[in-house]
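So the sequence lines, in the order shown, correspond to chains A and B. According to the numbering used here, the first sequence is numbered sequentially starting from 1. According to the numbering used here, the second sequence is numbered sequentially starting from 1001.
Since the hints were derived computationally from the structure, they do not count as laboratory data. Be careful, since some hints might not be right.
[To be verified] What follows is a set of in silico ranges between Cβ atoms, one per label pair, in the way DEER data are often shown: (1) A:96 - B:1040: 24 to 34 Å; (2) B:1140 - A:42: 22 to 32 Å; (3) B:1016 - A:95: 39 to 49 Å; (4) A:95 - B:1167: 40 to 50 Å; (5) A:93 - B:1027: 22 to 32 Å; (6) B:1037 - A:93: 15 to 25 Å; (7) A:93 - B:1169: 23 to 33 Å; (8) B:1154 - A:95: 32 to 42 Å; (9) B:1104 - A:42: 17 to 27 Å.
[Said to hold, decoys possible] Below, in silico cross-link-like pairs of lysine to any residue (SDA-like), each with a Cα-Cα straight-line distance of 25 Å or less: (10) A:84 - A:97; (11) B:1036 - B:1102; (12) B:1173 - A:95; (13) A:86 - B:1082; (14) A:84 - B:1108; (15) B:1036 - B:1108; (16) A:86 - B:1171; (17) B:1036 - A:39; (18) A:86 - B:1174; (19) B:1173 - A:85; (20) B:1173 - A:98; (21) B:1036 - B:1088; (22) A:86 - B:1116; (23) B:1173 - B:1159; (24) A:84 - B:1111; (25) B:1036 - B:1087; (26) A:84 - A:64; (27) B:1036 - A:83; (28) A:86 - B:1039; (29) A:84 - B:1166; (30) A:86 - B:1159; (31) B:1036 - A:98; (32) A:86 - B:1164; (33) B:1173 - B:1158; (34) B:1173 - A:74; (35) B:1036 - A:55; (36) B:1173 - A:92; (37) A:84 - B:1040; (38) A:86 - B:1167; (39) A:84 - B:1034; (40) A:86 - B:1165.
For glycine and all other residues, C-beta sits at the position ideal for the given N, C-alpha and C.
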Amino acid sequence: MITLYHFLVLSVVLFCIGGAGVLLRRDAVTLFMGIELMLNSVNLAFLAFSRLHGNAVGQIFVLMVIAVAAAEAAVGLALIILLKRKAGTVDVSGIRLLRG
Amino acid sequence: MSALHQTISSVPLAVVVFWVAAVLAVASAVLVVIGKNPVVCAVWLIFHFFVLAVLYLLLGSSFLAAVQVLVYAGAVMVLFLFVLMFLRVRTVVLEGGTHAFWALLAASFVLVALGAFAIKLIPRVQNGVDGCPGGVGTLMSISRELLSRNLFAFELISAILLAAVVGGVVIAKVMSKEGEE
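Isolated chain A, as found in the complex (with noise of 0.2 Å):
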């Protein structure tokens, strides 16, 4: 049997992994991949949730969240990029662009 419950702790249990995987990896890419680990963590919640209560609303807010997401990966690959034309590596701990 399957309970809100169960899905619950997947989706922390997801979440927690990704925001690992921001904290531990240096080079920007795989860092982006664990924000979407996260991000989809989330929307595994609010699919259960809807689901739960029978509110379409959650859905709707997924679709936000996916529109959202495929947003920020366009314009922060694109930061990538510029960044490793800029300081010639990705590696985010050796990055000193702001310090002037």
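Since the structure of chain A is provided, determine the placement of chain B on it from the hints.
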């Protein structure tokens, strides 16, 4: 009985599918995080998105499962792989030493805090919720909701996507200008 423990599905096959999908989702997420080659990470992330689509189907969200595969596993990951090929990122980029310890500590703190929230707090605030009527994830119910009460948000999303497109073009233009110099 609290809402938290209300059954979403008790069909035996659905239970099996949930557990298989849950294990695969966690395993592929871990492989994305610990993988040494970013391209392999990206492929595991695509696999992860497919597994999540299965979980969405299990929750009755057939439309969003399709969107997940089309937009995430399709468009977004193609973008990721394109950038990875473009940058030729091959290095091992796991943070080592004390930093990794603190990062894992922070992640486990979040895990404990959110887990406690999921276990303790939610039944308290969600008591007395009706059961789980199906059919909210169908294309018909979503589009009815999207194009009536949420029309403004829907239009706003198009503005955000347009802004992202313009932003990408501007950044690319800056790049090509610098390339000429």
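Now the hints, each set against the structure:
1. For residue 96 of chain A paired with residue 1040 of chain B, a C-beta distance near 30 Å keeps the hint of 24 to 34 Å intact.
2. Between residue 1140 of chain B and residue 42 of chain A the beta carbon distance is about 25 Å. The supplied range of 22 to 32 Å therefore holds.
3. Here the CB-CB span from residue 1016 of chain B to residue 95 of chain A is close to 47 Å, well matched to the stated 39 to 49 Å.
4. Residue 95 of chain A and residue 1167 of chain B have their C-beta atoms about 20 Å apart, which leaves the hinted 40 to 50 Å range violated.
5. Take residue 93 of chain A and residue 1027 of chain B: their Cβ atoms lie about 28 Å apart, and the range 22 to 32 Å holds.
6. For residue 1037 of chain B and residue 93 of chain A, the hinted distance range of 15 to 25 Å is satisfied, since their beta carbons lie about 19 Å from each other.
7. Under the hint 23 to 33 Å, the C-beta atoms of residue 93 of chain A and residue 1169 of chain B, about 30 Å apart, fit the expected range.
8. Here the CB-CB span from residue 1154 of chain B to residue 95 of chain A is close to 37 Å, well matched to the stated 32 to 42 Å.
9. Remark: the range hint 17 to 27 Å for residue 1104 of chain B to residue 42 of chain A is upheld by a beta-carbon distance near 21 Å.
10. Simply put, residue 84 of chain A and residue 97 of chain A have alpha-carbon atoms about 12 Å apart, close enough for the 25 Å limit, and the pair holds.
11. Pair hint residue 1036 of chain B plus residue 1102 of chain B holds up; C-alpha atoms about 20 Å apart against a cutoff of 25 Å.
12. Distance check on the hinted pair: residue 1173 of chain B and residue 95 of chain A sit about 23 Å apart at the alpha-carbon level, within 25 Å; holds.
13. At roughly 19 Å between alpha-carbon atoms, residue 86 of chain A and residue 1082 of chain B fall within 25 Å of each other, so this suggested pair holds.
14. Taking the CA atoms of residue 84 of chain A and residue 1108 of chain B, the gap is about 32 Å. The hint is violated against a cut of 25 Å.
15. Our distance criterion of 25 Å between C-alpha atoms is met by residue 1036 of chain B and residue 1108 of chain B, whose separation comes to about 22 Å.
16. Between residue 86 of chain A and residue 1171 of chain B the CA atoms are separated by roughly 12 Å; this keeps the pair inside 25 Å, and the hint holds.
17. Taken as a hint, the residue 1036 of chain B and residue 39 of chain A pair is honoured in the structure, with Cα atoms around 22 Å apart against an allowance of 25 Å.
18. This hinted pair checks out: residue 86 of chain A and residue 1174 of chain B have alpha carbons roughly 11 Å apart, not beyond 25 Å.
19. Distance check on the hinted pair: residue 1173 of chain B and residue 85 of chain A sit about 13 Å apart at the alpha-carbon level, within 25 Å; holds.
20. Between residue 1173 of chain B and residue 98 of chain A the CA atoms are separated by roughly 22 Å; this keeps the pair inside 25 Å, and the hint holds.
21. For the hint pairing residue 1036 of chain B with residue 1088 of chain B, the CA-to-CA distance comes to about 14 Å; that is within 25 Å, so the pair holds.
22. Our distance criterion of 25 Å between C-alpha atoms is broken by residue 86 of chain A and residue 1116 of chain B, whose separation comes to about 44 Å.
23. A C-alpha spacing of about 21 Å is found between residue 1173 of chain B and residue 1159 of chain B, which places the hinted pair at or below 25 Å, so the restraint holds.
24. For a cut-off of 25 Å, the pair hint linking residue 84 of chain A to residue 1111 of chain B is broken: about 33 Å separates their Cα positions.
25. With a C-alpha separation of about 16 Å, the suggested pair residue 1036 of chain B and residue 1087 of chain B falls inside the 25 Å cut-off, and the hint holds.
26. Taken as a hint, the residue 84 of chain A and residue 64 of chain A pair is broken in the structure, with Cα atoms around 30 Å apart against an allowance of 25 Å.
27. Restraint check for residue 1036 of chain B and residue 83 of chain A: satisfied, since their Cα atoms lie roughly 21 Å apart, inside the 25 Å limit.
28. Taken as a hint, the residue 86 of chain A and residue 1039 of chain B pair is honoured in the structure, with Cα atoms around 23 Å apart against an allowance of 25 Å.
29. For the suggested pair residue 84 of chain A and residue 1166 of chain B, the alpha carbons sit about 20 Å apart, so the restraint of at most 25 Å is met.
30. Distance hint between residue 86 of chain A and residue 1159 of chain B is unfulfilled; the C-alpha atoms sit about 29 Å from each other, more than 25 Å.
31. Distance check on the hinted pair: residue 1036 of chain B and residue 98 of chain A sit about 28 Å apart at the alpha-carbon level, beyond 25 Å; violated.
32. For the given pair, residue 86 of chain A sits about 21 Å from residue 1164 of chain B by alpha-carbon distance, which is consistent with the 25 Å threshold.
33. Using a Cα cut-off of 25 Å, the hinted pair residue 1173 of chain B and residue 1158 of chain B holds, with the two alpha carbons roughly 23 Å apart.
34. For the given pair, residue 1173 of chain B sits about 15 Å from residue 74 of chain A by alpha-carbon distance, which is consistent with the 25 Å threshold.
35. A threshold of 25 Å between alpha carbons decides the hint, and for residue 1036 of chain B with residue 55 of chain A the separation of about 41 Å lies outside it, so the pair is violated.
36. Between residue 1173 of chain B and residue 92 of chain A, the direct Cα distance comes to roughly 23 Å. Compliance with the 25 Å bound is thereby established for this hinted pair.
37. Taken as a hint, the residue 84 of chain A and residue 1040 of chain B pair is honoured in the structure, with Cα atoms around 21 Å apart against an allowance of 25 Å.
38. Taking the CA atoms of residue 86 of chain A and residue 1167 of chain B, the gap is about 18 Å. The hint holds against a cut of 25 Å.
39. At roughly 23 Å between alpha-carbon atoms, residue 84 of chain A and residue 1034 of chain B fall within 25 Å of each other, so this suggested pair holds.
40. Simply put, residue 86 of chain A and residue 1165 of chain B have alpha-carbon atoms about 21 Å apart, close enough for the 25 Å limit, and the pair holds.
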